[in-house]
Amino acid sequence: MIKLEKRPQPSKAWTYLTPLLAVALTMVVGGALFAGLGKDPVVAIKTIFWEPLFSEFAFYYRPQLLVKGAPLVLIAIGLSLGFRAGIWNIGAEGQYIMGAIIGAGVGLAFYPMEAFYIFPLMVIAGAFGGWIWAMIPAFLKVRFGTNEILVSLMLVYVAEQLLASASLGLLRNPDGHGFPGSRNLRDYASAHNGDLIANTGMHWGVVAALIAVIFAYVLLNRHMLGFHIRLTGEAPRAAKFAGVNPSRLILICLGASGALAGVAGLFEVSGPAGQVSIDFNVGYGFTAIIVAFLGRLHPVGILLAGALMALTYIGGEIAQSKLGLPAAAIQLFQGMLLFFLLTVDVLTNFRIRLAKREVA
Amino acid sequence: MKRRTLLASAAMTAGLALGMATAGFAMDKTKVGFVYVGPVGDGGWTYEHNKGRLAVEEHFGDAVETVFVESVPEGPDAERVMTQMALEGADLIFTTSFGYMDQTINVAKKFPNVKFEHATGYKQADNVSVYSARFYEGRAIQGHIAGNMTESNVIGYIASFPIPEVIRGINSAYIHAKKVNPDVEFKIIWAYTWFDPAKEADAAKALIEQGADVILQHTDSTAPLAAAAEAGNVIGFGQASDMAEYKDGPRVSSIIDDWAPYYIARTQAVIDGSWESVSTWDGIGAGMVGIGDITDKVPASVAAEAMELKAKLASGEYHAFTGPLNKQDGSVWLKEGETASDYGDNGLAGMNFYVEGITAEIPN
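Protein chains in written order, with the numbering used here: chain C, 1 to 360; chain F, 1 to 364.
Just chain C, with the same shape it has in the complex (with noise of 0.2 Å):
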């Protein structure tokens, strides 16, 4: 009989392998589900991991790799924080979603003009924008004891709500012939985030969010609040004895999960995406958690878990139109990639025993 035993510790090795199990779980039953759809499992599994980074066009996807997987990053690494420490942000879309309306807001009320000191002041507006509308249910917490995940949540709400009246009325593009959607910020050299070196794929965000992923490290590792964060997720009766100010954190950590997922959304808006528009936002600040938790809430991890992440959005649209697999079928297998790692956590806490039945 097949018994879990408890480690005394979590296994430092299994941390490590689990998200590379998942990945081959995923790998498995992905190729499954594909054979059951009557498409070549190894083709298709080789489609989306392969081609992104070493067909023909690669000089094309690598580039799309970084535009696809640096909002993730930058917003998962502000999420870990809070993770760490137990305080959930689950509206990082909502932030998302403000830093862009607002960072973009302050460029085109430059319009036309043109200046170096825009695009910063957008990147300022846009850190503002998310970390406000990370304060409300930060404030709501410390002040009144309310849950920040469902007020996070709902935030999300709200906030597309006003993306959409932004994109209707407030920064509409007045030469637009009444459609919605702002004026298109790539044809506006101050408040335009491209490519700082042409096709590379590489703008501000994706700088941004390797500074973030430097800083973070450091932060855990070599700096007292992060010891202070770190203490409060595994040892929140230890951490009050160390004098730690869990009101004082949980505003740090909403807070600067709210900046950086409000300046994702400004270097989306004012580079790939291009302009406000009402369904401007395609889900990263969820996709973010995922990220977070597939790279252990560890800085570097969640670099390669972002990396991986857009390895398979990209992976699966070139799936999608080169074997014909269903949208849902590669959904599908992202969503696998989550379950099978929240399954072989169980490794890292536990040890499997094979042991014979006692009598009573």
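These are calculated hints, taken from the structure and not from any lab test.
Note that the coordinates shown come from a computational prediction; the quantities given were computed from them, not determined experimentally.
From the three backbone atoms N, C-alpha and C, an ideal C-beta is built for every residue, glycine too.
Among these hints, one or two may not hold up.
Unchecked claim - Below, simulated DSS-like cross-link-like pairs (lysine-lysine); rule was C-alpha separation at most 25 Å, straight line:
1) Lys327/F with Lys187/F
2) Lys322/C with Lys327/F
3) Lys247/F with Lys297/F
4) Lys109/F with Lys39/C
5) Lys322/C with Lys110/F
6) Lys297/F with Lys312/F
7) Lys29/F with Lys39/C
8) Lys335/F with Lys178/F
9) Lys29/F with Lys178/F
10) Lys322/C with Lys297/F
11) Lys322/C with Lys247/F
As the list claims (entries may be wrong) - Chain F regions said to be covered by chain C (calculated; three or more residues, Cβ under 8 Å):
12) 157–168
13) 227–239
Assemble chain F onto chain C, guided by the hints.
This is chain F only, laid out in the frame that chain C set:
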């Protein structure tokens, strides 16, 4: 370091150029790509575009290969999907949602040898055509039936996005409902989505609770019809597709988009080398807009009038927007006998106002 990145980027630019050059050459097989905003199984908008794609495959057989990607968000993802199709050798790409407009133009710039066709937009280029259908002609017939059928005199309308396309539909339906029933009132809910069964069902339920016994929809799923069936004594119409599975239930007729003839003709033009950038806006007359069977729930006399209206719209004898018509604020839009022009200040293409009598406001 700097030199290396410079070289790398130069190589990449060369690669992109090479990719574009090779993508331009049509092999013996003509490759046609389709970018869809919803899933092919939405039973409405995307379902009909996909039927058009299948018609292309059937018509040309081995001479043509088609590819598609479904549920593509209207943003940078769309641009990547189009680029990917062009790189993989597509000769002609249909981008089938309004929100793909800027992306289509951007990608078309990079691939001058690939032809693009953007549905329902207004930006053309040397290798970008635009095409749409005069759905408002179908809405006129819908309005006529709805105005006759309603007993509560409240007609619910599930609108998607406040763009001219949708506003035209509301106006056309309202004008023709009002003509046969002066007491009719329109309640409009904006769903801000083209396809979201849950949201659409919620909107339908809210409208029914507000007393609507006819539901018109400009969203693509069958969820509103399902909600109408559940409520009982409420009728609705198929949108974009016939939605015939609700024939025994609430569906009394439908507006059917028929893209097949257009897709076949445009593919043929690419094969012949005669493709040119055009702006197409066809209606019932050209067969791009079809009216689904009117069921027995509708009195025979009303159905006969509806068919007569259809014939007149098809022949061009009657225009769905014929004066006298005032704007919502009471100012004159069309004088007695005057018909709306397609373009210009008060044209149909950019319509952003309601006609007189509608009490709702366009969100902004």
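- [ ] Would you pick out the hints that fail for this structure and give their numbers low to high?
- [x] Checked against the structure, the hints that fail are numbers 2, 4, 9, 10, 11, 13, while the rest are satisfied.
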